[in-house]
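Listed in order, the protein sequences are those of chains F and X. Numbering-wise, full-length UniProt numbering puts 360 at position 360 of the first sequence, and it's gapless, one number per residue. Numbering-wise, full-length UniProt numbering puts 30 at position 30 of the second sequence, and it's gapless, one number per residue.
Some hints could be false.
In the DSBU-like style, the derived pairs of lysine-lysine whose C-alpha atoms are separated by at most 30 Å in a straight line are [stated by the list, open to error]:
(1) F:Lys354 with X:Lys134
(2) F:Lys654 with X:Lys134
(3) F:Lys333 with X:Lys134
(4) F:Lys666 with F:Lys93
(5) F:Lys77 with F:Lys403
(6) X:Lys127 with F:Lys661
(7) F:Lys353 with X:Lys134
(8) F:Lys663 with F:Lys258
(9) F:Lys353 with X:Lys127
(10) X:Lys127 with F:Lys403
(11) F:Lys654 with X:Lys127
(12) F:Lys258 with F:Lys666
Since the hints were made in silico from the structure, they are not lab data.
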Amino acid sequence: MAVMPMKRIAIYALKNRRKQILELIQRRGVVEIDDRKADETVFARMDTVPAKARFENNAASLQAALEALDKLEPPEKSLLASLNGRDPIPLSKYEETAQQAGELLKTASRINVLWKKCADNRAEILRLQTQIRALEPWMKLDISMRTLGTPTASVFIGSFPTEYTEETLRAMIAEGAPEVDGVTVEVLSAAAQQTCVFLMCHISQGLKLETYLRSIGFTYPAEPSKTPPADRVQKLNGRIEALQAEIDGAEAEIRTFKDQREAILYTIDYFTMRTEKYDVLGRLWQSTHVFIITGYVPAENADALKEELETKLEAYVELSAPDENDDVPVKLKNNAFAAPVEGVLESYSMPGKKEIDPSTIMAIFYYFLFGMMLSDAGYGLLMVLGCGIILWKFKNMEEGLRKTLTMFFYCGISTTFWGILFGSFFGDAVTVIGKTFFNADVGIPALWFVPVEEPMRLLLFSFLVGIIHLFAGLGAQFYQLARQGKWLDAIYDVVFWYMLVGGGIVYLLSMQMFADMVALSFTLPAAVGNAGAIAAGIGAVGIIFTSGRASRNPGKRLLKGLYGLYGVSSYLSDILSYSRLLALGLATGVIASVFNQMGAMPGNNPLGVVIFIFAFVVGHTLNLGINVLGAYVHTNRLQFVEFFGKFYEGGGRKFAPFTTKTKYFKITEEK
Amino acid sequence: MEKFDINTLGIVFALVGAVLASLLGGIGSAIGVGMTGQAAAGVVSENPTLFGKVLILQLLPGTQGIYGLLIAFLTLTNIGVLGGSAEITFAKGLLYLAACLPMAIIGLISAKQQAKASVASIALVAKRPDQFGKAMIFPAMVETYAVLALLVSLLAVANIGGIAV
Numbered sequence: 001m002a003v004m005p006m007k008r009i010a011i012y013a014l015k016n017r018r019k020q021i022l023e024l025i026q027r028r029g030v031v032e033i034d035d036r037k038a039d040e041t042v043f044a045r046m047d048t049v050p051a052k053a054r055f056e057n058n059a060a061s062l063q064a065a066l067e068a069l070d071k072l073e074p075p076e077k078s079l080l081a082s083l084n085g086r087d088p089i090p091l092s093k094y095e096e097t098a099q100q101a102g103e104l105l106k107t108a109s110r111i112n113v114l115w116k117k118c119a120d121n122r123a124e125i126l127r128l129q130t131q132i133r134a135l136e137p138w139m140k141l142d143i144s145m146r147t148l149g150t151p152t153a154s155v156f157i158g159s160f161p162t163e164y165t166e167e168t169l170r171a172m173i174a175e176g177a178p179e180v181d182g183v184t185v186e187v188l189s190a191a192a193q194q195t196c197v198f199l200m201c202h203i204s205q206g207l208k209l210e211t212y213l214r215s216i217g218f219t220y221p222a223e224p225s226k227t228p229p230a231d232r233v234q235k236l237n238g239r240i241e242a243l244q245a246e247i248d249g250a251e252a253e254i255r256t257f258k259d260q261r262e263a264i265l266y267t268i269d270y271f272t273m274r275t276e277k278y279d280v281l282g283r284l285w286q287s288t289h290v291f292i293i294t295g296y297v298p299a300e301n302a303d304a305l306k307e308e309l310e311t312k313l314e315a316y317v318e319l320s321a322p323d324e325n326d327d328v329p330v331k332l333k334n335n336a337f338a339a340p341v342e343g344v345l346e347s348y349s350m351p352g353k354k355e356i357d358p359s360t361i362m363a364i365f366y367y368f369l370f371g372m373m374l375s376d377a378g379y380g381l382l383m384v385l386g387c388g389i390i391l392w393k394f395k396n397m398e399e400g401l402r403k404t405l406t407m408f409f410y411c412g413i414s415t416t417f418w419g420i421l422f423g424s425f426f427g428d429a430v431t432v433i434g435k436t437f438f439n440a441d442v443g444i445p446a447l448w449f450v451p452v453e454e455p456m457r458l459l460l461f462s463f464l465v466g467i468i469h470l471f472a473g474l475g476a477q478f479y480q481l482a483r484q485g486k487w488l489d490a491i492y493d494v495v496f497w498y499m500l501v502g503g504g505i506v507y508l509l510s511m512q513m514f515a516d517m518v519a520l521s522f523t524l525p526a527a528v529g530n531a532g533a534i535a536a537g538i539g540a541v542g543i544i545f546t547s548g549r550a551s552r553n554p555g556k557r558l559l560k561g562l563y564g565l566y567g568v569s570s571y572l573s574d575i576l577s578y579s580r581l582l583a584l585g586l587a588t589g590v591i592a593s594v595f596n597q598m599g600a601m602p603g604n605n606p607l608g609v610v611i612f613i614f615a616f617v618v619g620h621t622l623n624l625g626i627n628v629l630g631a632y633v634h635t636n637r638l639q640f641v642e643f644f645g646k647f648y649e650g651g652g653r654k655f656a657p658f659t660t661k662t663k664y665f666k667i668t669e670e671k
Numbered sequence: 001m002e003k004f005d006i007n008t009l010g011i012v013f014a015l016v017g018a019v020l021a022s023l024l025g026g027i028g029s030a031i032g033v034g035m036t037g038q039a040a041a042g043v044v045s046e047n048p049t050l051f052g053k054v055l056i057l058q059l060l061p062g063t064q065g066i067y068g069l070l071i072a073f074l075t076l077t078n079i080g081v082l083g084g085s086a087e088i089t090f091a092k093g094l095l096y097l098a099a100c101l102p103m104a105i106i107g108l109i110s111a112k113q114q115a116k117a118s119v120a121s122i123a124l125v126a127k128r129p130d131q132f133g134k135a136m137i138f139p140a141m142v143e144t145y146a147v148l149a150l151l152v153s154l155l156a157v158a159n160i161g162g163i164a165v
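All chains should be built: construct the whole structure from the sequences, respecting the hints.
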């Protein structure tokens, strides 16, 4: 368990080596660059914002092209592709990409132009289709919709907002405008909301007719076509076809770039890396000939990097220990057993200043507690197999995912272990199958005991685990304080609590009443109990006198001390909190049994076997899912709240080195 | 007329207890998971990559229903409804009913309250996906009380059989 020691690094070099040095640091990925002040009369910073913006635009344009390409030619992707991680590419390939970048950008912008054309055309087609739909009610009309009349006749082409037939219209005109006669009425289309009509009368009576028509809601069409509607529709359809043909052409052209997909991916990564580099470049202090890089480097990488920079690239490198006030980033280094829980730790917080890396101690308890909550050999084996196979098959997996899966792999081992102790294999599957289908009375005997039969025993064991867990947390606090030389604090804040809580528990165990209450098979001798009580007393007094040591006022100090003693109630609730180990452990087993019994209900016949298999697969998948989630959440809770509450605050900043943050490929060094 | 034997009511009360445990726990979880599901769907509509995280947060208020089922099942087994003889005295029937109540009532209320905490945590994760670990703890705090209720109901149901009433 270790927080890696960090060193401050300062690199001074000539400007003509700048590109090489930056690229080397980026590839090594071990330096976090920070902003330090420099003498501004000599040094200045370069404005890299425009260059960065250009690279970002390039990457965005390539990304857009990629999306267009992927829509038309979806790349083959298996379900497990996400497990695969990024493909490694050699450095030489990266340099090759750099040369082709200009060419590819042209390709990308061509794809983008074509894709935009497609989008525009689709919008236009939609617009034309709307127009066609608007013309549909007028299709019977075989003259221009804008016809107003001939030298001797007035023509009205328009619509009413209600449904009329020719007869009703004629009747209405005869009644409403009796002086107008000889009106031709033709209904072009009629619907509940709209009646389109063609009306004609002698020119001398046109005005009167129009006045009347308007009074009953006649309106001229909003977009009358110059040609007869049928011709117009034909023309619009022709345009749609032309647009569609253009879309097809553009899409076909985009498809021809299919083979360049890979190259586009390389180039996106290339520009992402350059953006990153220019970001750093903008933060460097540079004079006419010299530039400075400052930052942090893990101590174990420091010398190799110094050596490489100094011999190969003629830089001058200065390494120094960070001082008290530096905001040193945190990088964890753990063995294969503890490293998987780093992700969980990180989701809480990285260790703060002067704190230890709790990964190892946390890993032991994490696997232990998780296994106890899930506690089924069948589920454990499934987890081990599932995670194991994936880890073995996908060697190139991303680091974070690999850690998580390894964590569940270990949790699976622990789950299997507890399952064997508690005699649970897919609940009571063996017993149920034996009884239902083979008429045999078989079962897996529990190596230790069966929790459903002796819940009290498991409850007590859970409390014991809790006490050990909490005391381990206190122990970590002791170590942390002792390491800083704060021995008195270590005694006040840790040893007194050990005495109070530990002594109290010993005293309880010596009482016959408590033993009866929890059905304990033994009681400690009275002398041990008394010793425990005395220790607890000393602890309590110690806590009263030392908890308030920050205050000078004696009265305030005593009150604070009493309040500190009140903290014992939090130990009580902390220990009780471990009862979830029992609750969740029982939940897994009991629900598994429910599914087994449900499956076995139809009995021993062919249909019964099918139903059993179905219930078994569905039921146990569900149960496994729910309980893995439950075990995960509650293990985290016990770690974060109960365990970390004793010693760990976090607040550290994660080490974020200047490196190649590529999206699609991992660049490897060739040796 | 045959004299009415009050002990025939024992099994009725015991069964009412079992049913209440799964009923109220289930109702609470259904409401809770429904609430969190809506919040989660909203987040995923903006940022589909958060699906895994908000799914976990969505499922947190779902456990009360399972605990309820657990108590119900244990009660059903103990009172002999699932095979065995279903002879429960009136007093024992009431005891089983009482034993189921913590899980039933606390299951219902804690699931709803946990859902509220979960919804807030989903909003937290939507804004700061890196704080998932902490976001998960807030709803898990509420769950503690469901776990304690489960424990009391569980121990009670498991031990009533041994009481001579």
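Okay, the hints, checked on the actual structure:
1. F:Lys354 with X:Lys134: Judged against 30 Å, a Cα distance of about 22 Å means the pair holds.
2. F:Lys654 with X:Lys134: holds, 17 Å
3. F:Lys333 with X:Lys134: holds, 23 Å
4. F:Lys666 with F:Lys93: holds, 11 Å
5. F:Lys77 with F:Lys403: Holds: Lys77 (chain F) and Lys403 (chain F) sit about 24 Å apart, inside 30 Å.
6. X:Lys127 with F:Lys661: holds, 23 Å
7. F:Lys353 with X:Lys134: holds, 20 Å
8. F:Lys663 with F:Lys258: holds, 20 Å
9. F:Lys353 with X:Lys127: holds, 27 Å
10. X:Lys127 with F:Lys403: Holds, at roughly 25 Å.
11. F:Lys654 with X:Lys127: Judged against 30 Å, a Cα distance of about 19 Å means the pair holds.
12. F:Lys258 with F:Lys666: holds, 22 Å
Of the hints listed earlier, there is not a single one the structure fails to meet.
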